[in-house]
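Engineer: Protein chains in written order, with this note's numbering: chain A, 93 to 329; chain B, 146 to 782.
Simulated from the structure, these hints should not be mistaken for laboratory data. Be a bit skeptical, because a hint or two may be false.
Unchecked claim - Below, a list of computed lysine to any residue pairs in the SDA-like style, where the Cα atoms sit at most 20 Å apart:
| id | chain 1 | residue 1 | chain 2 | residue 2 |
| --- | --- | --- | --- | --- |
| 1 | A | 128 | A | 146 |
| 2 | B | 589 | A | 196 |
| 3 | A | 149 | B | 559 |
| 4 | B | 347 | B | 413 |
| 5 | B | 597 | A | 196 |
| 6 | B | 573 | A | 201 |
| 7 | B | 411 | B | 354 |
| 8 | B | 638 | A | 285 |
To be verified - Simulated restraints on C-beta separations:
| id | chain 1 | residue 1 | chain 2 | residue 2 | range |
| --- | --- | --- | --- | --- | --- |
| 9 | A | 186 | B | 693 | 39 to 49 Å |
| 10 | A | 186 | B | 594 | 30 to 40 Å |
| 11 | A | 262 | B | 575 | 39 to 49 Å |
| 12 | B | 748 | A | 154 | 41 to 51 Å |
| 13 | B | 495 | A | 186 | 45 to 55 Å |
| 14 | A | 114 | B | 594 | 27 to 37 Å |
| 15 | B | 645 | A | 136 | 52 to 62 Å |
| 16 | B | 541 | A | 273 | 51 to 61 Å |
Note that CB positions come from ideal geometry on N, CA and C, so glycine has one too.
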Amino acid sequence: MYNILICDDDYDIVSALKIFLTDEDHNIFCAYSGKKALEIINENKIHLVLLDIMMPKMDGITAMTEIRKTSNVPIILLTAKGEDADKVIGLNMGADDYITKPFNPEEVVARVRSQLRRYLQLGSEKKSESVIIFEGLELDDNQKTVKVSGNLVNLTPLEFDILKLLMQNLHKVFSSKEIYEQVWDDRPLGTENTVAVHIRHIREKIEINPAEPEYLHVVWGHGYKIGKRLQNEKYNV
Amino acid sequence: MKNIMYKKGSKFIGAILLTLTLIIFVLSATASVVVKEYGIDRDGKTTFFNSVFCERVTRAYNNKVIFEYFIPLLRNDLDASGISRYEKYFSIDHSNYFFTIKDDAGNVLLSNYQAEYGYTLTRIFEVEEVEYEMQAFVKEDITAKDDYMPVYKAHMFLQNAYSWFTPIAVISFILSIAIFSYLVYTAGKKSKDEKTKDFASKIPFDLFTLLVVAFIAGLIYLAVGLFKSELVYSIFVQIMCGFAACIFFAALGAVIWFFSLVSHIKQKTLIKNTLIAICIRWIFRLIKKIFSLIPLLWKAALVACIFILLDLILMLSNVSPKVILFYFLFRTGLAIFAFLIILDMNKLKKAGQAIADGNLAYVSNASYLIHDFKKHADNLSSIQAGISAAVSEKMKSERFKNELITNVSHDIKTPLTSIINYTDLLDKTDITDEAAKEYIEILKKQGSRLKKLIDDLIEASKASSGSMKLNLESINVKEVVTQSLAEYGERFKANSIEYHMEGMDELYYIKADGRLLWRVLDNVLENICKYSLENTRVYVTSEKDLDKIKICFKNISKEKLEISGQELTERFVRADLSRNTEGSGLGLAIAKSLTELMGGDMVIETDGDLFKACFLFKVALPSKKEPDMIIPKEELS
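Bound conformation, chain A alone (with noise of 0.2 Å):
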């Protein structure tokens, strides 16, 4: 039961997330202007915000500087857009995720259940030194078990070796030949096919939208990683 603000100059839009997120057992706050989700946010303890980016009066960036003065709540950004320029400026300004318009209500209860989960209860435990944590992953490597947003997935031992790789080297670019080579211990012949599908499986496993990874990502035509979101969504509509 947490307190969850959305913040749409769209009735009907900010209706249904309200319907949508009730469904979870949250406590759902409303505005329809950037300055009414100021107040609320003032008035009331606040555990997460959706929050459209156009709005009337103030938008939804102005309106997030202001509550990153005060609080680090975790903010979702909505956007209608889809503009690059747009998701870039919202992810530096401060925002821990976007949607963008027309969404699907499953995708926006994961995310808000996801980021909830990381705001509230990740960081509080203590993590031995054999876990590796990106964001929201969690890679046990003793317990051989991977937590995505504190959710247990199940991943096969090809497959968790896979992620082990590409969490030990954050950042790093492999390619299917290396990932071949290092997992599978053995020269790849004609079969970098496999690697590519693995891939395939273990995004559908931990992210919330594969098409839109978060943590698993391709990096075309050189290989694949795990990091920021950001940067390779540089072309993405």
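Based on these hints, arrange chain B on the given structure of chain A.
Structural biologist: Below, chain B without anything else, positioned relative to chain A:
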């Protein structure tokens, strides 16, 4: 005060003063030198009687006596009145000059004196082969008002005032220097900062110089004439005044000329403002005009004729080393001229090439070109300007169109979000009616189709407008194809399509933007998924062709292909004319636009049911640099 300094009147007064001081300086300096030289100072040995001045006057009187008095008397040409006139002229009251003429026997023939005293000058002369001796004397005290008087007075003046000359010379020199500096400073200036043209600047300088020189020469000639004329006492003052005026005006002319020169130098118009320069300029302009009127062909013919003529003259003439040298110089000049023409041609070629390449910002430097080439360059630039205007107009409308699409799409997206969301909510409610469920399914399907359509529309407009950022790098063909196929693995399986890679060399690298390339392949594979006949194979091949790498996707179409490959890449064209299947009809258009944006080429070929999409990209060297390695600083910590 400042303003008075720059006034024309004060300048003119300055010029007059300068002239005066200069004359005074020259005179006093000359006088002091003369006084020293001739020892005319009070204690010197030279007296008036043995001075050159006295001697000159005596000689003049001698001549007068001999040629006007004695010889006519000898020949009996003189009547009584004439004799009495001369007797009076040379009487003791009127003359300080005495003479006596004797024949060789010693008899006094003509004389006007009683005693011999003073300065003596003896002259022997012949009249009709008879020798005579003439003696002349000057009175010791000059009392009579004859020609001696002014000279004597001048001599006395020099003698009395000799100690003043040097100081006067110095003072006048200093004064003239001061006035000179003032005039040099103010010459050609209206005020401290403002420049002006004085009256002399309006006349060509060389003409002005000529006029001044003529003026001065005339004055000097006059002055010399006056000086050489006999020093008759009665008009002595007039002569002297005339002489002084001549000198003064000559000096004034020189001074004005000098400051006109200074003014010209200051304003840098010295050469420009001469009559010669004006004439040369005018002639040059005339030649240029005449030359420009002759057609280029005739000009070339004329030049060729001149060369041939010169060659002919050379051949016919006796060849001497001088001629050979001339010939060599001539040929060198010719070579330089040809070289210049080639340079000009090259400039024009570059400008033309720039226009052909679409570089409309290219600025050719036409200012140093030969006349006809310059005209051609001007034509080129006007073509350039015309194209540039047309292109920018086109760009403007294209940008407007794209902005329209982007904004409209954005406005559609907001209501679409609600449609999708509420359809989803509707789907979750308990509906028992089967028909209602079916309707909801249709809503969901069409909602997502609309979403895809809008996304495609935006992407197509962006891709065709070229407003996308490009990040060209070396892309491994095999890697990217493998990755793309892996993305479509499930969907291929669902449609019972197999894929097969051929000729994929690990060392094939192309120059492309990884993300955009994926969008291209995404669209093509999407197309393949949608339109491939089930249970067929998709072939992905690559081959190297010189500096290009060709990647081809081949599949068998489900439907009969009735449209050419060319048409398939047009926007909103779809192979199924009924437009029933999902898809926006933009996929291949987007793929083509993006490919072209990356400098590649996309060709769609259809052969029966065989659908072939080929991409040509430039070969790149494998890069060691890993992309996406730029990590924000806070990320590293």
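Engineer: Decide, hint by hint, whether the structure agrees.
Structural biologist: Here is what the structure says about each hint:
Between the alpha carbons of residue 128 of chain A and residue 146 of chain A the distance comes to roughly 15 Å, so the proposed pair stays at or under 20 Å and holds. Among the hinted pairs, residue 589 of chain B with residue 196 of chain A is consistent with the structure: their alpha-carbon atoms are about 11 Å apart, no more than 20 Å. Pair hint residue 149 of chain A plus residue 559 of chain B holds up; C-alpha atoms about 18 Å apart against a cutoff of 20 Å. Restraint check for residue 347 of chain B and residue 413 of chain B: the C-alpha separation of about 14 Å stays at or below 20 Å, so the hint holds.
For the proposed pair residue 597 of chain B and residue 196 of chain A, the alpha carbon gap of about 13 Å is at most 20 Å, so the pair holds. This hinted pair checks out: residue 573 of chain B and residue 201 of chain A have alpha carbons roughly 15 Å apart, not beyond 20 Å. A C-alpha spacing of about 17 Å is found between residue 411 of chain B and residue 354 of chain B, which places the hinted pair at or below 20 Å, so the restraint holds. With a C-alpha separation of about 15 Å, the suggested pairing of residue 638 of chain B with residue 285 of chain A holds against the 20 Å cut-off.
One distance hint, 39 to 49 Å for the beta-carbon pair residue 186 of chain A and residue 693 of chain B, holds here, with the actual separation near 46 Å. About 35 Å separates the C-beta atoms of residue 186 of chain A and residue 594 of chain B, a value consistent with the hinted range of 30 to 40 Å. Taking 39 to 49 Å as the suggested C-beta distance range, the pair residue 262 of chain A and residue 575 of chain B conforms, at roughly 47 Å. Under the hint 41 to 51 Å, the C-beta atoms of residue 748 of chain B and residue 154 of chain A, about 49 Å apart, fit the expected range.
Remark: the range hint 45 to 55 Å for residue 495 of chain B to residue 186 of chain A is upheld by a beta-carbon distance near 52 Å. The supplied range of 27 to 37 Å is met by residue 114 of chain A and residue 594 of chain B, whose beta-carbon atoms lie about 29 Å from each other. The given range of 52 to 62 Å is respected by residue 645 of chain B and residue 136 of chain A, whose C-beta atoms sit roughly 60 Å from each other. Checked against the hint of 51 to 61 Å, the pair residue 541 of chain B and residue 273 of chain A passes, with Cβ atoms roughly 53 Å apart.
Consistency note: the structure conflicts with none of the earlier hints.
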